[in-house]
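Student: The residues making up each chain are set out below.
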Amino acid sequence: MFAAEIYMHRFLLSSPVRTLNPEEADWFYTPVYTTCDLTPNGLPLPFKSPRMMRSAIQLISSNWPYWNRTEGADHFFIVPHDFGACFHYQEEKAIERGILPLLQRATLVQTFGQRNHVCLKDGSITIPPYAPPQKMQAHLIPPNTPRSIFVYFRGLFYDVGNDPEGGYYARGARASVWENFKDNPLFDISTEHPTTYYEDMQRAIFCLCPLGWAPWSPRLVEAVIFGCIPVIIADDIVLPFADAIPWEEIGVFVAEKDVPKLDTILTSIPTEVILRKQRLLANPSMKQAMLFPQPPQSRDAFHQILNGLARKLPHDRSTFLKPGEKILNWTAGPVGDLKPW
Amino acid sequence: MKLTALQQQSRRSNSFRGSSPLDSSMDGAIKSPSTLGAVTSTSTSLPAMNLTTAAASGTSSSRVVVGRHGILIRPWPHPNPAEVMMAHRLIERVQREQRMQYGVKNPRAVIAITPTYVRTFQTLHLTGVMHSLMNVPYDLVWIVVEAGAVTNETASLLAKSGLTTIHVEYGKKMPILWEDRHKLEAKMRLHALRLVREKKLDGIVIFADDSNMLSMELFDEIQNVNQFGAVSVGILAHSGGDGEDETAVVQKEEEKNSGLPVQGPACNSSNHLVGWQTFNSATFMERSARYVGDRAIVLPRKMEWAGFVLNSRLVWRDAEDKPDWVRDLDEVAADEEDVESPLSFVKDASVVEPLGSCGRKVMIWWLRVEARADSKFPAGWVINPPLDVTVPAKRTPWPDAPPELPLPAGEMAVVLQENAEKHATKTRSTRKRRSKRKHATRTIDERVSTRHAGEN
Numbered sequence: 001m002f003a004a005e006i007y008m009h010r011f012l013l014s015s016p017v018r019t020l021n022p023e024e025a026d027w028f029y030t031p032v033y034t035t036c037d038l039t040p041n042g043l044p045l046p047f048k049s050p051r052m053m054r055s056a057i058q059l060i061s062s063n064w065p066y067w068n069r070t071e072g073a074d075h076f077f078i079v080p081h082d083f084g085a086c087f088h089y090q091e092e093k094a095i096e097r098g099i100l101p102l103l104q105r106a107t108l109v110q111t112f113g114q115r116n117h118v119c120l121k122d123g124s125i126t127i128p129p130y131a132p133p134q135k136m137q138a139h140l141i142p143p144n145t146p147r148s149i150f151v152y153f154r155g156l157f158y159d160v161g162n163d164p165e166g167g168y169y170a171r172g173a174r175a176s177v178w179e180n181f182k183d184n185p186l187f188d189i190s191t192e193h194p195t196t197y198y199e200d201m202q203r204a205i206f207c208l209c210p211l212g213w214a215p216w217s218p219r220l221v222e223a224v225i226f227g228c229i230p231v232i233i234a235d236d237i238v239l240p241f242a243d244a245i246p247w248e249e250i251g252v253f254v255a256e257k258d259v260p261k262l263d264t265i266l267t268s269i270p271t272e273v274i275l276r277k278q279r280l281l282a283n284p285s286m287k288q289a290m291l292f293p294q295p296p297q298s299r300d301a302f303h304q305i306l307n308g309l310a311r312k313l314p315h316d317r318s319t320f321l322k323p324g325e326k327i328l329n330w331t332a333g334p335v336g337d338l339k340p341w
Numbered sequence: 001m002k003l004t005a006l007q008q009q010s011r012r013s014n015s016f017r018g019s020s021p022l023d024s025s026m027d028g029a030i031k032s033p034s035t036l037g038a039v040t041s042t043s044t045s046l047p048a049m050n051l052t053t054a055a056a057s058g059t060s061s062s063r064v065v066v067g068r069h070g071i072l073i074r075p076w077p078h079p080n081p082a083e084v085m086m087a088h089r090l091i092e093r094v095q096r097e098q099r100m101q102y103g104v105k106n107p108r109a110v111i112a113i114t115p116t117y118v119r120t121f122q123t124l125h126l127t128g129v130m131h132s133l134m135n136v137p138y139d140l141v142w143i144v145v146e147a148g149a150v151t152n153e154t155a156s157l158l159a160k161s162g163l164t165t166i167h168v169e170y171g172k173k174m175p176i177l178w179e180d181r182h183k184l185e186a187k188m189r190l191h192a193l194r195l196v197r198e199k200k201l202d203g204i205v206i207f208a209d210d211s212n213m214l215s216m217e218l219f220d221e222i223q224n225v226n227q228f229g230a231v232s233v234g235i236l237a238h239s240g241g242d243g244e245d246e247t248a249v250v251q252k253e254e255e256k257n258s259g260l261p262v263q264g265p266a267c268n269s270s271n272h273l274v275g276w277q278t279f280n281s282a283t284f285m286e287r288s289a290r291y292v293g294d295r296a297i298v299l300p301r302k303m304e305w306a307g308f309v310l311n312s313r314l315v316w317r318d319a320e321d322k323p324d325w326v327r328d329l330d331e332v333a334a335d336e337e338d339v340e341s342p343l344s345f346v347k348d349a350s351v352v353e354p355l356g357s358c359g360r361k362v363m364i365w366w367l368r369v370e371a372r373a374d375s376k377f378p379a380g381w382v383i384n385p386p387l388d389v390t391v392p393a394k395r396t397p398w399p400d401a402p403p404e405l406p407l408p409a410g411e412m413a414v415v416l417q418e419n420a421e422k423h424a425t426k427t428r429s430t431r432k433r434r435s436k437r438k439h440a441t442r443t444i445d446e447r448v449s450t451r452h453a454g455e456n
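These protein sequences, in sequence, are chains A and B.
For the first sequence, the working numbering gives the first residue as 1, with consecutive numbering after it.
For the second sequence, the working numbering gives the first residue as 1, with consecutive numbering after it.
Only chain B is shown next, with the shape it has when bound in the complex (with noise of 0.2 Å):
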C-alpha cells in the first residue's frame, strides 16, 4: 500500500481534520468506548456507539451507526478463478458491443494472401504473422500458398491457428537469388487471385507476407477501402548487417538521401492522391543481398506488395459493378512475365484510394530476413530423437541415482576441475566442441561409477 505524504492534503478527502486549535471542541474527548478493532476475520462488525440525539429535524436514529467498524476480510482473499474467467469473458462481451456501437459498421471479410515456402525462418515468420490475424475482430480467409509441395511442415504449423486456411501448392520450388525470388513471389500471388475468383470469395484482399509486420489498426483501416486501396508500408532494409563500417557507411547514406523508407501513396494538401513515395535504393544497390541468407541488406523492390488492398470483386469473372479501370486477371498475368505490383491491375493509377490518414500513417512494416538456404533446423522444431547426450543437472539429483554422499575433498577438487574443462570447452570452436564433449561425458561417466565403487 503506497501512503505517501500528499494523503492528508489530498483533494479527494471530503473532510480536514488538522490540528487546527481554533476549535476547542476537537476530538480529542471523543474515544469510542469499543476494542481497537483493527483487523478481524469474521463477519460481525462490531457496533461502536449508537447515537440518539434530540436534534432539532427529530427523525429516527440511523440504521447505519456511527463509530468504529471491523474491517471485514474473508478468510481466502484471492481471486476466484472461476470469476475470473467469467469477468474475462464478460469484458469481451462489452468489447464486442463497443465495437458494434462504435468501430466499423457491417465489416467485410478480410482475405489474407501469404506465399511462403519451408525453411529455416518459416516458423518465426509464420507464427508472426499468424498472431496478428488471429487478433483481427473480423471475418478471416488465409490464403497460404507454398512453394515446392504443401508439406505437413506448413500444414501444422497453420493448424495451430484456427483459422480458416486455404493451404495450396504452386509447383516450382523458391530460388536462390532474391530477384527470382521476389518474381516467383509474385507468381504465387497471382496463383492465389486466381483461387479467389475461383471460389469467389468476397471481401478484401491484403497481401500478407510471411515476414512482414502488420499492426491491428490496419485491418481496421482497410475496412474503408472502396475498389482498391494503397497505405503507406515501412521498409526496414537495414537488416542482418553486423559490420560496424557498414552501419557507419548506412549512416552516411542515409544523411545524403534524407529519405524516409516508405513507400506509399502520396497525397497533395487537399488529400488527393497525386503520387506514389518510393525507397531510393540506388545508393544500396551495390551493398545488396543477392542471395538468401547473405549478410547483406534485402532490398524491396519499386512498390511492394503488401502496400495494396483490393476488393475481392475486382478479381472476379463478372461481377455486376466492376469497374471498367480494371484489367483481367488472366490478361495480366500473360502480358508481364513479372507483375511487380497490382498496379498493373489499374489502367489508371489516379482511381487508387490512399488509406490510413492519406499514407501518413504506416501500420505494416516490410522486412526480409533470412538464415541461410543450406541452414538445417529441427523438423517441426520438435528434437526427436533426443539428443545422445544427457548430463545430470549439477543440484537435481538424477532419477534413478543413489542419494549422493558428501565429497571427501579430494573428490571436491575433481568435481571443480570438471567444470573448468566444461567451461573451456564452450569458447573452443565448434568442430573441436563435439570431440570435447565426448571427452567429458566420459570422465563423468568415469566419475560416476568411481563414486559407486567407492560407496559399495
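Next comes chain A alone, as it looks inside the complex (with noise of 0.2 Å):
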C-alpha cells in the first residue's frame, strides 16, 4: 500500500507529460522512496525517513538552482505514509514533529487525509494507497453470484501487540464494532486472513472501512473494486481525489461515537439509495480512478494526481522568491534529523 511512490516515478519516467527541460517545466518531481527503509518482517521504518528526504532535498538545492528558486513550491513530493510527511507511525509522534519543515512550501501527495490535522497541509492530493490491480483482476467473480453477505470486515479489532489494553488503536472504534456485533449473524466480521478474501467482498453488500492506527486503510480501494458499498468509520478522514470521485453518494459514512448503533444506521437506509449506491460504484470510471495499473490506462489514478497538480496551475506570484530571499529554516526539526543520510 504504499507503492505508489515507486509507480508513481515509473509512470513519470515514461509519460508524456514529462519533460526534460527544467525551464518549461510547471511542476519538479524528486523521488525519494521514504517507506523503503524496512523491517526484517518487510514493514516500512518510518525513522530515519526524514533524514532522507532531507539529504535529498540537499542534494537537489546544491546541484540545480530550481529548489531554491522557490523552495520548494513548485515542486511535489509522494510521501504515502501512515501521516504523510510527518513520518511517523503513532499519530501523537506524528503531531509532536509535525511535517517535515523543509517541505514546507512543497505540495504533498499522500494517503492519509483528516480535516484539521497537522499533518495534512493545505493544498495537497489525497490518493488512494497502492492496492495490485492483477491480483484483484484474477479475483473478480461473475457478476450475477447473488451477494448474500450483508456487512463484511476482515482484519484486527485489537492490536495486541502495541495496545495492549485497548482504546488507543482505532480511537476504539474497531474494538467498539467487534464487541457490539460479534454475535450479530448479519455482520461477517473476524481477524482471519481468509484465501477468499476478493471473493467475499464480491458477495457483500457493505464493507467496513474502518480507521486503524491511521484513518486511511487499501479497504477502500478494494470495496470501490468489488462494488461493495464502503462504511467508512472515521471521524473527519479526507477521501482520495475528493473532487473526481462523489463519496458521498457511494458510501455510508458512520461517526465513531455512532458505532454501537451500526446496525440500525445500515437497515435504515432505504432501498433505493442502496441500489442507487451499486449501481454508481459499477460504473468502471469509479474503479479505474483508484488503480494504479501497469501500463497506465486512462482516467486511472495517476491520471487523477496529474489532474490534481494541473488544478494547482499556474503557480501564483508567491511561488517565486525574490532574490536573497528565504523562507525555510533549514535547522529546524529535531536534532536527529540533521544528521544527513
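In short, the hints are calculated from the structure, not lab data.
Some hints here could point you the wrong way.
[As the list claims (entries may be wrong)] Calculated lysine to any residue pairs in the SDA-like style (CA-CA distance at most 25 Å, straight line): (1) A:Lys287 x B:Glu340; (2) A:Lys277 x B:Val65; (3) A:Lys135 x B:Tyr102; (4) B:Lys361 x A:Pro143; (5) A:Lys277 x B:Lys361; (6) B:Lys361 x A:Pro142; (7) A:Lys261 x B:Gln98; (8) A:Lys287 x A:Trp247; (9) A:Lys261 x B:His78; (10) A:Lys261 x B:Val65; (11) A:Lys257 x B:Met86; (12) A:Lys182 x B:Met86; (13) A:Lys277 x B:Gln98; (14) B:Lys105 x A:Ile274; (15) A:Lys93 x A:Thr19; (16) A:Lys261 x B:Arg89; (17) A:Lys277 x A:Ile265; (18) B:Lys105 x A:Trp247; (19) B:Lys160 x B:Tyr102; (20) A:Lys182 x B:Arg74; (21) B:Lys302 x B:Ala319.
Given two chains presented individually in distinct reference frames, assemble the corresponding complex, making use of the accompanying hints.
Tutor: Dropping the structure here:
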C-alpha cells in the first residue's frame, strides 16, 4: 500500500507529460522512497525518513537552482506513509513532529487525509493507497453471483502487540465494532486471513472501512473495485480524489461515536439509496480512478494525480522568491533529523 | 476472538511498532494521563490528550482527539429482530436487482409437469420437488397429474407450496410392475400436455418427476431453450439394494462398462449435436426390479422424459410460427401405444438443442425409490388418533402425578429392572413386541399404583 511512490516514479519516467527541459517545467518531481527502509519483517521503518528526505533536498538544492528559486513551492513529493510527511506511524509523535519543515512549501501527494490535522497540509493531494490491480482482477467472480453477506470485514479489532489494553488502536472504534456485533449474524467480521477475501467482498453488500492506526486503508480501494458499498468509520477523514469521486453518494459515513448503532443505521438506509450506490459503484470509471495499473490506462489514479497538480497551476506569484529571500529554516526539527543520510 | 501470532506481522496493520531499539524517542515515556478506560458502557468517550502543537503548518488543532478512547458498547449488543428482517429484505431486493441486471433477460415462465400417486414415499419425493420449485426465481405453473383420483393427501401437500398448481386426475390406478408404471407415467404426461394446449399456457415445459432431483442451475439454463432442448440426466440406478454381494457385482459391472450413468445429448468438438448418450442397462437386466418395492435396481428407459424441455407453443393447436418438424400431440398419442420420450414429437432429431454446455453439465438426477406397494403409512403423516400407549418420560414429571418421593433402595431395583426389560423387548422381533409392550405397560401401571398406595 506504500508502493505508490515507486509506481508514480515509473509512470513519470515514461509519461508524455514529462519534459527534460527544466525551464518549461511547471512541476518538479523528486523521487524519494521514504517508505523503503524496511524492518526484517518487511514493514516500513519511518524513523530515518526525515533524514532521507532532508538529504535528498540538500542534494537537489545544491546541484540545481530550481529548489532555491522557489524553496520547493513548485516541487511535489509522494509521501504515502501513515501520517504523510510527519514521518511517524504513531499519531502523537507524528503530530509532535509535524510536517518536515523543509517540505513546508512543497506540494505533498499522500494517502493520509484528516481535516484539521497537523499532518495534512493545505493544498495536498490525497491519493488512494496502492492495491495490486492484477491480483484483484484475478479474483473476480461472475457479477450475477448473489450478494448474500450483509456486512463484511476482515482485520484486527485489537492490536494486542502495540495496544494491549485497547482504546488506542482505531480510537476504540474497531473494538467497539467487535464487541457490539460479534454475535450478530448479519455481520461477517473476524480477524482471519481467508484466501477468498476478494471473492467474499464481491458477495457482500457493505464492507466496513474503519480507521486503524491511521484513518486510511486499502479496504476502501478494494470495496470500490469489488462493488461493495464502503462504510467509512473515521471521523473527519479526507478521502482520495474528493473532487473527482462523489464519496457521499457511493459510501456510507458513520461517526465513531455511532458505531454501537451501526446495525440500525445500515438497515434503515432506504432500498433505492442502496441500489443507487451500487449502480454508481458499478461504473468502471470509478474503479479505474482507484487503481495504479501497469501500464497506465486512461483515467486511472496517475491521471487523477496529474489532474490535481494541473488544478494548482498556474503558480501564483508567491511561488517564486525574490532573490536572496529565504523562508525555509534548514535547522528546524529534531536534532536527529539533521544527520545526513 | 481469534488472536493469532500472525497479527503483529499482519500486512493489514498500517504501522509497525516493535521492540526496535533504533529510535530512542520511542514512546515508552508517553503515557496517557487518563484512566485505563478499557470497556465502558457509557456513551461518552474519555478524551485523553488534546494536543495543540506549534507545528510549522500552524493549522488549528484537530477536532478528533488523539489518545485513549473508551470502547463504546451499547447495553444490549444483540441483534434487533425487526432490523434483521429489514436486512434480509434488503438482501433479497439487491439480489433481485442483480438478477435483473446480470441474469437472464426476459425470463419466461416455467411449466413443470409431475405425474404422481399416493403411496408411502410420495410425501418424501413430492416435498423435494416442491421445495426446488418454490426456489425457482421465475414464474412457475405446476401441473400435477395424479393416477387414480384427485386425493386430499396430494392436494394438502400442494397447498403448502404456495405455487400456482393445476391438479388433475388421470383415471387409471398406478400399476405394480415398473414396466407398466413407466408407460402410465408417459400417458399422464401426455395428458398434462393436452392441458397445456387447452389452456394455451405459455412458457418452457419441463418434466419434473416426483422422485427426481433438480438443481437451480437447471432452471437458469433452460431459459436458453428456443424450441426443443435436451439436458443431461444423471442416472442414480444403484439404489435400494443393500446386499454385499450386490454391490460387489455392481462394481465389477462398472469396471466392465466404464460407462457413465448419464443420459443426454452428445456433441462433437464443434458443439453440434451428433448423438445421444444413454445408460447401458443391459448388464443390469437380470437383477433389475420388476415391481414396485422389490429391493433391486430400478432401471430407466432409453431416454427419460426428464431430460427434455420444450417450448410450450410446440403443443399448441395453432401457433403461428410452429416449426414444421414437430408432430401434433394427438397424432403422436394415437400413433404409438407407448410414447417413450418426447423425441417422438420431432420428425428429425437434429433440431434438438443441447443445453448445459452441450450436455457436459449434469443438472438433474433420475432416481426411483419406492417402498412396497402394500406398505401402510399414516394418512397425511399425521398420527390421529394418538397411539394408545403413553409412557411418562423418565425425567419429566407426569403433569397430573403427585411429586415423586425419593424411592427406597428396593424400589430403585424395580425401576432398573423395568428398564432392562424394556430394552430387552426392543431387540425381539416385531410380532412379539406388541405383546411385550402391553406387558411392560401393565407392570408400570402397577408400579405407579403401588407407589400411590405407598404415599397415602
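Student: Please flag the earlier hints that this structure goes against, numbers listed from lowest up.
Tutor: Structure breaks hints 1, 2, 5, 7, 15, 18, 19 and 21.
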